[in-house]
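Note that the protein sequences, when read in sequence, are chains H and R. Take any residue in the first sequence, note its place counting from 1, add 1046, and you have its number in the working numbering. Take any residue in the second sequence, note its place counting from 1, add 778, and you have its number in the working numbering.
Don't read these hints as lab results, they were simulated from the structure. Each hint should be verified, as a subset may be incorrect.
Said to hold, decoys possible - Straight-line Cα separation of at most 20 Å, SDA-like style, residue types lysine to any residue; simulated pairs:
(1) R:K804 to R:D833
(2) H:K1091 to R:E843
(3) H:K1095 to R:W851
(4) H:K1095 to H:E1058
(5) R:K787 to R:S876
(6) H:K1091 to R:E847
(7) R:K789 to R:G861
(8) H:K1095 to R:S849
(9) H:K1095 to R:K787
(10) H:K1091 to R:Q839
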Amino acid sequence: MIEAALPGAAVEVTDETGTADHLRATVSAPQFEGLSRLDQHRLVKAAVKDRFDDGAIHALSLKTQVPR
Amino acid sequence: MSVADAELKQKVEELIAANPVLLFMKGTPEMPRCGFSMRVVQVLDSLDVEYGAIDVLPALQPLREVTTELSDWQTFPQLYVNGELLGGADIVEEMFDSGELAEALGVEQPEAAPASAAAAPAQSPPLQIE
């Protein structure tokens, strides 16, 4: 889902609790270049918004970075 | 997403303007009711900084609508410094670890290891049997 919204992004997701609804994701995307951390998080959260809205995800810890 | 309550929005704007460091959180600093909120409280406490804290739980949905309009941010906790949203727990912790948070708050970075590092399990020495 994140990869579809941010083409070229490298996404690594960990299931924190084993229940698949508390996730930790590290996202590295070329689209982050020049954006503040806030805006980088906004992009990712917008990409997964539907899964929050339908309740599939309760919590998402996020770390974003620009690929080197 | 419905339109935010204008009166509540004004109240929130006044609070953000009146408090140089303001945390919107679930629960209170003494009794956080969410792990993410607790992490931000721990960071602020370790920096020994004074801050205002608002418990969002009594009005979660109306406040979510307000912060969405004000800051384009839907989740709590939210830390505001000098009227600007810094971020939620992940960003606050990342900025703490890098020293950016202490800088933004105008305080010294503590010598002690940050809370997130302290929480990592320490490598215990192997047991030896003689």
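Q: Quickly compare the C-alpha distance for K1095 (chain H) and S849 (chain R) to 20 Å and report which way the hint goes.
A: The given pair, whose Cα atoms are some 17 Å apart, holds under the 20 Å limit.
Q. Is the hinted pair K787 (chain R) and S876 (chain R) satisfied, with a Cα-Cα distance of at most 20 Å?
A. Not OK: K787 (chain R) and S876 (chain R) at ~33 Å, beyond 20 Å, violated.
(Q) Check the hint pairing K1095 (chain H) with W851 (chain R) against an upper bound of 20 Å on the C-alpha distance. (A) holds, 12 Å
(Q) Hinted pair, alpha-carbon criterion (20 Å max): K804 (chain R), D833 (chain R). Please report holds or violated. (A) Holds, at roughly 5 Å.
Q | Pairwise hint evaluation, E1058 (chain H) against K1095 (chain H), where the allowed Cα distance is 20 Å at most | A | holds, 18 Å
(Q) Next pair to validate is K1095 (chain H) with K787 (chain R); report whether the Cα-Cα distance is within 20 Å. (A) Between K1095 (chain H) and K787 (chain R) the Cα gap is close to 23 Å, so the pair fails against 20 Å, i.e. violated.
Q) Taking only the CA atoms, is the gap from K1091 (chain H) to Q839 (chain R) under or equal to 20 Å? A) Roughly 18 Å between the alpha carbons, so the hint for K1091 (chain H) and Q839 (chain R) holds.
Q: Assess, step by step, whether the Cα of K789 (chain R) is no farther than 20 Å from the Cα of G861 (chain R), and give holds or violated.
A: Measuring from Cα to Cα gives roughly 13 Å; hence the hint holds.
Q.
Can you confirm whether the C-alpha distance between K1091 (chain H) and E843 (chain R) stays at or below 20 Å?
A. Given that 20 Å is the threshold and the Cα spacing comes to 16 Å, the pair holds.
**Q.** K1091 (chain H) paired with E847 (chain R) [C-alpha distance capped at 20 Å]
**A.** holds, 16 Å
When each numbered hint is compared with the structure, violations occur for hints 5, 9.
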